[in-house]
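Based on the provided sequences and hints, a complete structural model is requested.
Now for the letters of each chain:
There are 2 protein chains.
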Amino acid sequence: MTSPLRATLDFLLHDWLQAGSLTARERFSDHSRETFDAVLDTCERIAREQYAPFNRTVDMQEPRFDGDKVILPQCTHDARLAYAHSGMLAAAQDYEMGGMQLPYVVESAANAFFGVASIGIGANLLTTGNAILAHGTAVQQQVFAANEFNGRWTGTMCLSEPQAGSSLSDIATRAVPDGAGFEADPLGPRYRLTGHKMWISGGDHELAENIVHLVLAKIPGPDGRLVPGVKGISLFICPKHLVDEGGRLTGEHNDIALAGLNHKLGWCGTVNTLLNFGEGRYPVRGDAGAIGYLVGQPGEGLRCMFHMMNEARIAIGMAATMLGLAGYYASLDYARTRLQGRPVGAGGKEAAQPPVPLIEHADIKRMLLAQKSYCEGALALNLYCARLVDEARTGGAQAAADARLLLEVLTPIAKSWPSENCLEANSLAIQIHGGYGYTRDFPVEQYWRDNRLNMIHEGTHGIQAQDLLGRKVVMQEGAGLRLLGRTVGQTIQRAQDSGHAELAAWADALAQALQQLQAATQATWATGDAQQALANAVPYLQAFGHVVLAWKWLDVACAVRRADAMLSGAANRGRTRAAAYFYHYELPRIGPWLAVVARRDMTCADTPPEAF
Amino acid sequence: MTSPLRATLDFLLHDWLQAGSLTARERFSDHSRETFDAVLDTCERIAREQYAPFNRTVDMQEPRFDGDKVILPQCTHDARLAYAHSGMLAAAQDYEMGGMQLPYVVESAANAFFGVASIGIGANLLTTGNAILAHGTAVQQQVFAANEFNGRWTGTMCLSEPQAGSSLSDIATRAVPDGAGFEADPLGPRYRLTGHKMWISGGDHELAENIVHLVLAKIPGPDGRLVPGVKGISLFICPKHLVDEGGRLTGEHNDIALAGLNHKLGWCGTVNTLLNFGEGRYPVRGDAGAIGYLVGQPGEGLRCMFHMMNEARIAIGMAATMLGLAGYYASLDYARTRLQGRPVGAGGKEAAQPPVPLIEHADIKRMLLAQKSYCEGALALNLYCARLVDEARTGGAQAAADARLLLEVLTPIAKSWPSENCLEANSLAIQIHGGYGYTRDFPVEQYWRDNRLNMIHEGTHGIQAQDLLGRKVVMQEGAGLRLLGRTVGQTIQRAQDSGHAELAAWADALAQALQQLQAATQATWATGDAQQALANAVPYLQAFGHVVLAWKWLDVACAVRRADAMLSGAANRGRTRAAAYFYHYELPRIGPWLAVVARRDMTCADTPPEAF
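Chains A and B, in that order, give the protein sequences. Taking UniProt numbering, I'd label the letters of the first sequence as residues 1 to 612. Taking UniProt numbering, I'd label the letters of the second sequence as residues 1 to 612.
Some hints could be false.
Note that identical chains are pooled: a pair holds if it fits in a single copy or bridges any two copies.
To be verified - 20 Å max Cα-Cα, derived DMTMM-like pairs, lysine to aspartate or glutamate: (1) K231 x D606; (2) K349 x D606; (3) K349 x D529; (4) K349 x D223; (5) K231 x E350; (6) K231 x D287; (7) K349 x D66; (8) K231 x E245; (9) K349 x E586.
Derived by calculation from the structure, the hints in this document are not laboratory data.
See the structure below:
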């Protein structure tokens with residue numbers, strides 16, 4: 001039997017996003033609906049067998065340091081191996097890189113199964129090969145990227161430091177040339193790094209033979225001082241174990257030491273570390289200092305890293321979404337089977353009747369429909385963004401440029417909206433379980449804990465909001481926002497042309513919401529004063545996200561209508577009801593959010609610190 | 001130096017609620033501002049010394065069962081003893097009961113310190129003496145209530161069963177007369193109980209000599225069958241260890257056995273249990289069956305228990321509030337000391353400047369002000385409700401009747417609103433901490449986990465909503481809602497008469513909101529069909545709560561204006577800013593909530609189970 005997640009993915013991929021049409025493109029010409037299905041089948045099976053049964057295990061058996069090694073449960077080793085063997089680490093890569101040239105949208109859909117099964121195990125799948133491919137030399141690509149894609153090694157991103165989380169301009173890790181001839185190393189210009197890196201996921205473990213750290217650091221100027229701001233930041237490859245240009249381990253441990261494990265509220269299946277670079281714990285060739293190979297040009301580090309930060313942000317949105325869906329499925333199952341109480345009839349309750357399944361109660365249905373509209377909506381948005389990535393890579397010139405611009409505007413939403421709303425979905429999943437949901441005998445409390453991270457890592461909510469309102473909607477004189485408006489307008493037009501009264505009513509509501517959003521954008525920037533404009537960036541982000549989600553739901557509802565003849569009535573009715581929920585209960589929430597934005601409300605910003 | 005919490009309590013108790021005026025009443029005539037202050041001083045000290053340092057300890061050292069006893073950390077024993085010695089267990093009781101005849105509002109304020117310091121330890125303070133005082137015989141009062149108030153014994157409430165959580169009409173615990181002469185027992189009519197009780201806080205431990213369980217059970221009819229519905233429910237006292245009429249332990253263990261501990265997401269400092277009554281594990285006088293003494297009349301059990309459920313619900317609201325405040329204080333402290341980034345100036349950021357404390361950033365201020373408005377507002381509401389309890393007990397006839405009616409309407413809000421919004425406050429406290437907030441090195445993640453329980457226990461959010469919209473606002477032809485309207489109207493009038501433009505503007509907004517609320521109440525009941533009327537009971541509860549909180553903030557803001565000359569400028573400015581936040585950012589949220597209520601939106605209720 002098709003699982004509910006698979007049915008939803010199939011619908012979104014094929015009935016909605018027409019993923020099959022990608023096979024007409026040269027890059028994907030070996031593919032077909034059958035190969036796409038086979039990838040999804042494989043991933044669903046591995047996730048079911050190797051991930052889902054161990055999600056609580058990795059929550060209970062936190063990573064620990066035995067003084068020498070970081071110990072993870074055996075199931076994490078097994079799961080990663082199964083994933084690596086599937087070839088999914090390189091799914092979207094070129095054949096020459098050992099990849100299968102899968103569209104990114106299909107890769108994303110296939111990875112969804114791991115997110116639902118166990119986000120903690122699943123996050124051990126991340127590689128950093130893409131940034132190396134984009135900015136590294138041929139040797140760096142062959143040595144470091146290829147060995148991540150084939151599963152031999154794993155990767156990390158080392159950005160934050162204990163004193164510099166959101167504020168990367170304040171990083172203090174230094175990189176100095178490693179002696180004479182440092183520029184001639186075949187692996188790239190060789191530096192010695194010293195500094196502390198915080199919040200490094202996968203920073204130390206024994207899951208693979210080596211760990212490829214991508215590290216942001218500053219090269220001091222001639223006066224020995226670090227350049228303030230982000231312009232002084234460069235990017236380095238620091239392997240845990242040093243390797244030669246053939247990718248063989250040299251037997252030398254790089255001067256990178258585990259300084260501590262972070263003990264987290266959730267997401268315990270993924271080890272998170274504080275790393276000390278270059279403190280002399282593991283001297284290399286007699287000297288302290290971690291060996292690092294420059295990637296790209298000096299001073300271009302943040303740009304190079306952000307190449308993969310954008311994909312990482314979409315991946316976080318996807319993780320939040322899958323945790324949300326996991327809670328939805330769990331609470332739906334519970335609501336169908338748990339007997340409790342009697343529904344309110346027209347005249348009240350009848351105590352003499354037997355109790356009914358929870359799902360018969362109106363408020364339980366409300367909490368289920370809210371979850372469905374949040375999580376399936378977020379899934380639609382994330383798959384749409386993944387489809388834009390494919391368009392940016394393989395579409396015609398104009399289509400590719402448009403896709404890139406839309407992605408700029410949508411990435412903060414794809415990251416932040418599921419992080420906030422699918423977390424709320426998890427809370428509703430607990431609520432449906434009542435007291436049982438508050439115990440560790442059911443999975444929903446873990447989903448809620450795990451999901452709380454997503455509003456924090458890879459750029460907090462506040463950072464996403466500043467990115468959206470401070471950069472993305474104003475860049476190129478607002479070209480991104482205008483393009484989004486036109487694209488949303490196409491959906492509105494389609495819905496209005498459908499002749500379907502409900503779709504047309506939603507289209508009107510969306511058109512009005514879009515206008516409100518555009519007006520608020522203009523109003524908040526009316527004085528040109530960034531302090532005023534950005535004072536309510538987070539409410540703006542929340543409203544923007546709700547408009548985008550309303551758009552996705554209208555688009556999905558149009559696809560439901562097109563596909564109606566072919567699909568099961570109940571699943572399509574559910575999609576339409578989730579869209580209705582979003583238009584009736586959620587979209588109107590933008591009013592209060594945009595009101596403070598539009599009038600540049602300074603209530604918060606003007607409150608002096610001593611008044612708190 | 002006065003702690004921020006103490007300053008807030010002093011302001012609310014004295015400048016706002018005029019608690020001192022209660023000393024003019026006979027019952028409180030021995031009291032004065034000095035005795036009130038002394039109680040607060042004592043509680044603040046005990047909480048600081050015996051509770052706060054151990055809040056993480058009780059989170060890490062969960063209660064465990066060693067096969068014989070339930071083991072709690074030593075700090076829990078010490079803390080309870082210090083609390084019992086303070087006399088606070090009987091603070092509001094008559095002198096004859098060993099009490100100090102303290103106003104309930106002062107008792108509530110004093111207990112706030114324990115909630116902020118450690119909710120998990122603090123919840124071991126609950127007694128059930130009040131229900132026994134209200135409905136028990138003189139002997140039951142002297143034996144059971146008095147020994148709870150003096151700290152010798154502890155109490156529990158045993159309502160839920162594994163198959164009956166929210167739906168108490170389905171409880172299956174049976175109580176049958178304990179042989180001939182069962183009615184002649186000096187401790188009350190003696191029954192034998194059999195059944196399972198779930199979610200029993202404090203259900204087993206070694207904190208005290210005995211545990212007094214108050215148990216809901218059904219007495220079978222002559223045909224041996226249980227009466228369906230809540231009408232068949234009676235209330236029993238089941239002590240863990242049997243006692244004689246002098247309160248001396250007889251040495252007999254009652255037939256009550258620990259069936260298991262619940263392993264919870266949070267609130268780990270309070271043991272929570274599944275208890276088996278009468279399964280024969282501890283036969284009494286040769287027979288299976290737990291001995292229980294009837295309290296009040298047969299069939300009146302739920303009414304008797306609800307006497308204390310209402311106070312328990314206000315206590316839950318207070319617990320949620322104090323967890324919220326604990327997070328607020330922690331994140332405020334962090335925001336004042338942690339340096340990160342630069343605020344956006346009119347023209348953007350200046351990277352060459354040194355980093356500033358987090359509290360300089362507009363979005364951090366927004367998250368602090370939101371917390372302050374949620375938590376201090378919730379504290380005001382809860383203290384106001386406590387003041388109503390005093391009025392109901394000691395006011396003149398009309399004032400007491402009004403207070404009782406207002407309490408009926410406000411209790412679901414006092415319980416539910418802090419549970420939802422102070423939980424959100426805790427999430428904001430995590431967010432301010434960034435990644436650090438997600439680790440167990442900081443206290444905020446624990447507050448968030450602990451607080452998640454409050455929307456569930458003592459009646460879920462959904463149950464509170466049905467109580468409010470299904471009973472409280474329609475009882476006595478809507479007299480409660482009308483009384484609330486008049487009372488809110490007095491505040492509105494006062495604000496309009498103040499001549500202060502900001503207060504007058506908020507008064508107008510509140511008047512409009514109140515009207516919207518009343519209109520929605522009428523509209524949802526317009527067809528008289530309970531199924532339609534209650535379909536959106538939770539959005540109604542949310543909107544109702546926001547209107548009530550806006551009222552409290554306006555009332556507090558009026559008091560700030562009155563007290564302004566006497567109080568520190570910064571603290572009062574903070575209160576006014578929190579009120580402004582509530583009016584600008586929160587009150588407008590009622591629009592979308594009430595819209596679905598008013599149009600009796602059936603999107604959720606009409607979605608068939610198979611569509612999910």
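So which of those numbered hints doesn't the model satisfy?
-> Per hint list: 1, 4, 6, 7, 8 and 9 violated.
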